[in-house]
Amino acid sequence: MQCAAGAIASIIRAQQRIKIITHIDADGITSASIVAKMLERAGIKYDVEFVKQLDPCIIEKIGGDGGTGWDGGAGDFTIFTDLGSGLGDLIDGKTKNYAIADHHTVVAARARLPNELNPHFFGIDGATDISGAGVAYLIAKAFDAENADLSALAIVGAVGDMQDLNGCALRGANRRILEDAVNAGVVLASTDIRFFGRETRPIYKMLQFSDDPIIPGVTGREKPAIDLLTGAGVELKGEGREWRRWIDLTEQEKRSICSAIVRKLLSTGFGNKTAKRLIGEVYTLPKEEKGTPLHDAKEFATVLNATARHGKGDVGLNVCLGDREDWLKKAGSLLANHRSDLKSGIELIKGQIVQRRCLQHFHAQDGIMDTLVGIVAGMALNSEYADRKKPIIAFANKDENTVKVSSRASKELIDAGLNLATVLKECAAKLGGVGGGHPQAAGATIPKGKEEVFLDDVEMEIEKQLGCKGVDNGRNQD
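Each residue of the sequence shown is one higher than the one before, counting from 429 in our numbering.
No lab work stands behind these hints, which were simulated from the structure alone.
Treat the hints with caution; some may be incorrect.
PhoX-like, lysine-lysine: derived pairs with alpha carbons at most 25 angstroms apart [as the list claims (entries may be wrong)]:
1) 480 x 771
2) 778 x 651
3) 524 x 489
4) 665 x 701
5) 665 x 771
6) 778 x 704
7) 465 x 757
8) 465 x 758
9) 633 x 473
10) 465 x 715
11) 522 x 473
12) 826 x 740
Restraint ranges, calculated between C-beta atoms of paired labels, are given here [to be verified]:
13) 550 x 572: 45 to 53 angstroms
14) 667 x 785: 48 to 56 angstroms
15) 655 x 876: 18 to 26 angstroms
Even for Gly, the Cβ is constructed at its ideal location relative to N, Cα and C.
The whole structure should be built from the sequences, with the hints applied where relevant.
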């Protein structure tokens, strides 16, 4: 894979200007940022376009001889990051002046294209072992070894794509990228609680919104979260009456909280396997200010997702490129709006989740942005409003003719054999739509009015994969 990355880097080095087309999520933004910084350092002009989904219409805009149309003119080179392999043949048939840096599964049986870097062609699982940002980083490192510092963005991208779930740590090719990041002094890996919000959330909020593992009787509830902390002898506020965060606690306080959570897990029937997921490897960026979202890889990724979900990928891009003034302030505002929208989304779907035998679903109509409905689905799955033993399918209107579909499933379901990416891809294709993603989180677009037909097909595919045998979600595991 390194040789292929080097070959693509050599082609890029000969270009005068480049168009980057990337997916608009945390992994896509970090992927584009790595390539953009690489080009900036080399003095190569570039432009970035963010897309929710790569489709033939976007590819058609690329000039037949390679012109992207971004500034008019033939000969412009196009790099696709965190996407492209799904339509690789179409791209290659349109132009030869391109490169693909993707990590998504290549469903169609075909050979690797000359300018394509995708781990699946090299026996590496792109769903778990390397992200789109990681693939982009391999090219940047091959381009110039001085780009090793960009490994920090690759780690953020991997965490943003939830690739630290298996084994509660990054693995595979991500592990080698992590070594580069640690050696470059841009990432620190340590063992700590894995919940989101260690840097910025009040402790009780961190527990209230905990997942993987969920805390029975606490996740999704404010008062029980507070009660757990007070029961562990932990003060919620500091001397200045500010809410204390996880990073503000003493080691003894952290141990007391973790012990209380483990006791609750074990006393409610969850086994050691689930309890062990409480602690894992976490990643901080030491060059960023402590106590800010950018100091923690998981929170950094959420900032980027907030910019992406609100159609402001350029904001996330500039933050990744190093701006800590105006662009970071804009990102902060988008993050605040993002959290408010998610809170409203959860309120909207309370009592609206419909249970089927093998799945559960809700339709937000126009009440939740199509770019946010997947996150709301994930939050719902980890709340008291949903059944974690089933995948959740969420719908939201994309436009007057199209519905966005998002799906989420617990790790236990994935371990049992569920792959939402293949389910949504196949079922959407039957209706003339497009789908894909990852085993645990996938999306699709389908024609409006076809939701029930789609659900029937999805349920049938899930039953094929799981037999609807369900899982115990960690209960009674040794």
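Tested hints:
no.	hint	verdict
1	480 x 771	holds (23 angstroms)
2	778 x 651	holds (19 angstroms)
3	524 x 489	holds (14 angstroms)
4	665 x 701	violated (33 angstroms)
5	665 x 771	holds (24 angstroms)
6	778 x 704	violated (31 angstroms)
7	465 x 757	holds (21 angstroms)
8	465 x 758	holds (20 angstroms)
9	633 x 473	violated (44 angstroms)
10	465 x 715	holds (17 angstroms)
11	522 x 473	holds (23 angstroms)
12	826 x 740	holds (17 angstroms)
13	550 x 572: 45 to 53 angstroms	violated (22 angstroms)
14	667 x 785: 48 to 56 angstroms	holds (54 angstroms)
15	655 x 876: 18 to 26 angstroms	violated (45 angstroms)
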